[in-house]
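**Student:** Sequence:
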Amino acid sequence: LIHRLRVAQPEREFIAANEAAICRYMKMITPDKLLDSLRLNIHEVTVEPEVADRARLAIERMIAIG
847 LIHRLRVAQP EREFIAANEA AICRYMKMIT PDKLLDSLRL NIHEVTVEPE VADRARLAIE
907 RMIAIG
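Quick note on numbering: the sequence shown equals residues 847 to 912 in my numbering.
A few of these clues could be false.
Claimed, not checked - List time: in silico SDA-like cross-link candidates among lysine to any residue, alpha-carbon distance up to 20 Å:
| no. | residue 1 | residue 2 |
| --- | --- | --- |
| 1 | K873 | I848 |
| 2 | K873 | L851 |
| 3 | K873 | A862 |
| 4 | K879 | H849 |
| 5 | K879 | N864 |
The set of hints was computed from the structure by calculation and includes no laboratory data.
The structure presented is a predicted model; accordingly, all values stated were derived computationally and were not measured.
Can you build the whole structure from these sequences, using the hints too?
**Tutor:** This is the structure we're talking about:
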């Protein structure tokens, strides 16, 4: 994500929280692939309800922060 942001906005400075936190699989995700996944309802991930509840709470907190 940081790399893409730096390429898209070279005039801005993006600072990674942890430069060592690299996920090669996340780098494979593109906006087009994400859009296709949402449109075609593919690559669905199912998690236990308790995990989903904790994840939902974390996402809601991030959204609230802005």
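**Student:** Take the hints in turn and mark each one as holding or not.
**Tutor:** Now for the hints, and whether the structure bears them out:
1. K873 with I848: Between K873 and I848 the Cα gap is close to 10 Å, so the pair holds against 20 Å.
2. K873 with L851: Status holds; Cα separation ~12 Å.
3. K873 with A862: Status holds; Cα separation ~15 Å.
4. K879 with H849: holds (18 Å)
5. K879 with N864: violated (26 Å)
When the structure is compared with the earlier hints, a violation turns up for hint 5 alone.
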